[in-house]
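Student: The primary structure of each chain is shown beneath.
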Amino acid sequence: MHALEVRNLCKAFGALKAVDDISFSVPEGSIFGLIGRNGAGKTTTIRMMMNIYLPDSGSVTLRGSEIGPDFKDKVGYLPEERGLYKKMTVWDTLLFFAELKGKADKDIKNKAMEYLEKFQLANRRNTKVEELSKGNQQKVQFIATVLHDPEFIILDEPFSGLDPINTNILKEIILSLKRAGKVIIFSTHLMDFAEKLCDHIAMIHQGKIILSGSLKEIKSNYGQKNISLVHDGDISFLKNDPFVEKVDDFGNYSGIKITDPSKAQALLKTLIEHNIIIKKFDANDISLHDVFIELAGNDDETENNNGALNV
Amino acid sequence: MFNKKTLTIIKRELKEKLFSKNFIIMTLLIPVLMFGVLGLQTFLINYNSDKSANIRIVTESSDLTANLITELQQKNFVKNKSYNISCETINKNDFANYLKAHKKELEAEKLTGLIFISDSAKATKKIGYYSKNPNDNAVFNKLKSPINKVLIAQYFEGKQLSEKDIAYAKESVDFNAFRVTSGDKVEKEGYGNRIVSFLFTFLLYMSMIFAGTMMMRSVIQEKTNRIVEILLSSINAKDLMTGKILGAAITSFFQMAIWISPLIILLSTSIFMLPPEFVMQIDMIQILYFMLNFAIGSITFLGLFGAVGAIFDNEQDAQSGIGPVMVLIIIPFFIAIGMQDKADNQISTISSMLPFASIIVMPARMTLFAVPLWEVLTSIVVNAATMFAMFAISGKIYRIGILQTGKKPKWSEVVKWLRYDN
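These protein sequence lines are chains A and B, in that order. So in this note's numbering, spot 76 of the first sequence is number 76, and the numbers just go up one at a time. So in this note's numbering, spot 182 of the second sequence is number 182, and the numbers just go up one at a time.
It is worth saying that the hints were derived from the structure and are not from the lab. Since the model is a prediction, treat every value here as computed from it, not as a measurement. Among the hints, a few may not be true.
[Stated by the list, open to error] Quick list of in silico lysine-lysine cross-link-like pairs, DSS-like style, CA-CA up to 27 Å:
| no. | chain 1 | residue 1 | chain 2 | residue 2 |
| --- | --- | --- | --- | --- |
| 1 | B | K408 | A | K74 |
| 2 | B | K15 | A | K87 |
| 3 | B | K11 | B | K342 |
| 4 | A | K134 | B | K238 |
| 5 | B | K11 | A | K86 |
| 6 | B | K238 | A | K17 |
| 7 | B | K4 | A | K109 |
| 8 | A | K74 | B | K4 |
| 9 | B | K407 | A | K74 |
| 10 | B | K21 | A | K128 |
| 11 | A | K87 | B | K110 |
| 12 | B | K407 | A | K103 |
| 13 | A | K86 | B | K81 |
| 14 | B | K396 | A | K128 |
| 15 | A | K128 | B | K408 |
| 16 | A | K86 | B | K144 |
| 17 | A | K17 | B | K408 |
| 18 | A | K86 | B | K410 |
| 19 | A | K86 | B | K4 |
| 20 | A | K17 | B | K396 |
[Said to hold, decoys possible] To list a few chain A residues with every Cβ distance to chain B over 10 Å, as calculated:
| no. | residue |
| --- | --- |
| 21 | S23 |
| 22 | E81 |
| 23 | G83 |
| 24 | F119 |
| 25 | N126 |
| 26 | T145 |
| 27 | S160 |
| 28 | I173 |
| 29 | F243 |
| 30 | G251 |
| 31 | D282 |
| 32 | E294 |
From the three backbone atoms N, C-alpha and C, an ideal C-beta is built for every residue, glycine too.
In isolation and in its complexed conformation, chain B is listed as follows:
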């Protein structure tokens, strides 16, 4: 599988890819893109919840109304006028008419919502929300806590409780997450691991798609330029493809090492103190697994992208042909991202040991959840087996495809190529 000519090809690939401006740009650009996506997501969530709203709160008792006004006026969203809240006191029997009177305003969304706190709600805490969009989490999240506080304060009023007791009752529960592993330590968990899991998933996804697309382009270019004819008069197709894949894989590996290096520095020194909520429980073995997994994954996917490049002789056709390979990267990417909320579910467990999916899912899963050793070993074996199988299949497709020009081949023809002897 390896000879001197393959080395010549690797050298050329490295010279073209690793020592190029493009490499530096991509190495810088992908993290920027990643944080861009994170930023955009945060922006979109906040944008949605910061939408201004016009809320009317109606109660049956003037005390309650007054307390609500006092409580709400302290809130930022009222102070900065993003929420316009008005409070009124009416009789319970009049509420039906009151609602009728304001129906038009609600329909036109002049009034975002109408909250009715009846006297019975003082005991049951069940309050009504009337709106054109009655499942508005943004409104509930903002108003739940202040209304709750006011109700609690009213409920305990005159029950001879100390301020301290009431303050306690007003406080909501705060989860402190602790990671339990097979080791002796039980450690407090912050956001650190979720960030690392996201980082791993995103970098794997980006790197494989970018390196793969570059590989595909390079193969198409060689094919359309007919460089491949000269190359094949000097080196056989399998050695050529091996050289190209390894050249690209070494480049990606090097790039990944650069991206991961800040993480390695954080883990191996205690110079940098992270705020407690960002402390992560990652060890070097996980980093090593990540890099090994990445190397195997790169070779697997670069082979597939190369084979698709060899099938087609222009980029438009290849873009449509790359679909099936992209699915193998995109679906695991979504599984891995979805795991952020709940790492231990059946889909993620199974997909972390499936061919192709394992490459992206397992590293993310390992950072969120203590994965049993046998599962990790299984995934390594599965990935390595997939790599060798794909290498053979891609090699065959490449060998035949690279010399075919003209008509775009059908998939059935490509399957036939696999049966050709030479």
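Looking at chain A on its own, in the form it has when it is part of the complex:
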């Protein structure tokens, strides 16, 4: 069963269609990456998922029930640009945001203390936010996002500005939240992090989903179509081969793109039959970065690409 389902969301601002019929679903127990360039429609989608904007049409369902006004208490949101009241102390900030989520009891204070200790901020609890370093402010912001124990967490570029140690602490916490069964949506334009952390992704471009599904499948699917070959012998005959889409021949190194991943074995066979000496044959893993460039890099191309590719 899917933890969160987004169905046919549309939102227009005047003539501009910011989000145009977006659908995707987030499986239980996974971290979901929402990927796209700036202005692609990520923020508008997220705002509709949090009930800040009402969609023109479409629906968002969390574990079977459609989101409504009471949903706000179940969501934790870490925006891309950090937003804290500079003059408030760390402690007051945390309690204020928790109270806004309807949590004002004693438990929340204990939990806030726990988190502060985890992030080595316990001794700064009475410090004003403006006196903290950027990294520490970010940690406070993250604690404020998850302190009220939300079911559904949206993290917009959570790692920007963190040093490697804090990145690790944060990563561990995110993974533990995942194990605790939270639905985590991770929005980014940095493919590296998405690749490392996400199980599933949806790629948004110009208000539409151009790719969605399990990251593993996407990568292997795109990757298997790309084969790098180190060889001796002339492979120019491949250009006439029906299942070869493109050959970049550099003499003893070639990059070959095939029409169908299942044709890799057939390609290997053909090469052997033509007495090509194969030193390395790598149906390699393509990076998410390359996939993204391929799909969204050229606007003219993608505009013709109307059908979303579902894997």
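Could you slot chain B onto chain A? The hints should help.
Tutor: Chain B in isolation, oriented as in the chain A frame:
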């Protein structure tokens, strides 16, 4: 309109605004500023009239000249040498030449003015003033009374009148103002009510502009910091704005109560005796009206300032956008100040019942003039209706504007926002 989350926002606003150093500073600073403005005004008026002057008085008879010298020498402005007055006696036929001879001095303002008292003036009291600046009220105000006294004394001389009769004739009229209200009492009016009227007007004006500007800044700050994104993931925009407005309104209300408290103490006890000219005819009902009116006005204007803050994402743009809202405060302020001279005129009557203007004009008008009850009730109804209408409009603008960043929106776009459903 009210829920627990709104309360959380109010609490935060109060903590930030009411319990801050800034609150104490502003609470002290505004009265200082107010008296500063009053002081400056007085200074400017006095500065102007204390300008030194060089006056020549010419008469046709030496008696008159001598009497004038005696009278003028007793005056402070001559004693302290701010006015240098010389007197001469010449023949009427020579005056034209005399004037010609002194024309250059008058043009160069070496001589501020030349006063000619002809013999016929002894009966008609019409005297000539020749100067580069012939409408100099400062000179007239200073010299009118001593010259008049001398002329009166000369006129009655030898007419067998007693000193007492002459002294009576010299005395000018002194107005004693009495306030007539619908009540039974007819009371002697001092400056007290004018001071209170000025106080009310000035405090309303200052408080609304300061609290409004603070509100606008706070909204812009939340918008540029993106705090608003987190806030809106927890609370809907209308509740958020309600919380912010009420938080700021409670702070202003509390501040106003502090400013007004000396007045309340004066009215409710008889410990402090004011000099008779400062006694004021204000009752508690007027104070209550003032505070109610202030609460309604605060909420109305805080909403507008908040909405303007939401439209723009930096203070420079917002400063230019706030103009229309400022006009709604500044024009009534001038109407109310202008009323000090004449409370009962059509502009003040009408504006004291108009939306927005009523908030500042009516309290001042009530202290200067017995306003009929129906007018007071009308103004309460109008103000409350304005508040609810502005609250709805500001809420809509706020809701859309607060999430818009980037390009500065046009007013036509803002009008379009009002038609958005969500």
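Student: So, for every hint listed, does it hold in this structure?
Tutor: Hint by hint, here is what the structure shows:
| no. | hint | result |
| --- | --- | --- |
| 1 | B:K408 / A:K74 | violated (34 Å) |
| 2 | B:K15 / A:K87 | holds (11 Å) |
| 3 | B:K11 / B:K342 | violated (44 Å) |
| 4 | A:K134 / B:K238 | violated (31 Å) |
| 5 | B:K11 / A:K86 | holds (17 Å) |
| 6 | B:K238 / A:K17 | holds (25 Å) |
| 7 | B:K4 / A:K109 | holds (19 Å) |
| 8 | A:K74 / B:K4 | holds (16 Å) |
| 9 | B:K407 / A:K74 | violated (33 Å) |
| 10 | B:K21 / A:K128 | holds (16 Å) |
| 11 | A:K87 / B:K110 | violated (63 Å) |
| 12 | B:K407 / A:K103 | violated (37 Å) |
| 13 | A:K86 / B:K81 | violated (61 Å) |
| 14 | B:K396 / A:K128 | violated (33 Å) |
| 15 | A:K128 / B:K408 | violated (32 Å) |
| 16 | A:K86 / B:K144 | violated (65 Å) |
| 17 | A:K17 / B:K408 | holds (20 Å) |
| 18 | A:K86 / B:K410 | violated (31 Å) |
| 19 | A:K86 / B:K4 | holds (24 Å) |
| 20 | A:K17 / B:K396 | holds (21 Å) |
| 21 | S23 | holds (21 Å) |
| 22 | E81 | violated (4 Å) |
| 23 | G83 | violated (4 Å) |
| 24 | F119 | holds (18 Å) |
| 25 | N126 | holds (15 Å) |
| 26 | T145 | violated (8 Å) |
| 27 | S160 | holds (13 Å) |
| 28 | I173 | holds (18 Å) |
| 29 | F243 | holds (48 Å) |
| 30 | G251 | holds (50 Å) |
| 31 | D282 | holds (44 Å) |
| 32 | E294 | holds (29 Å) |
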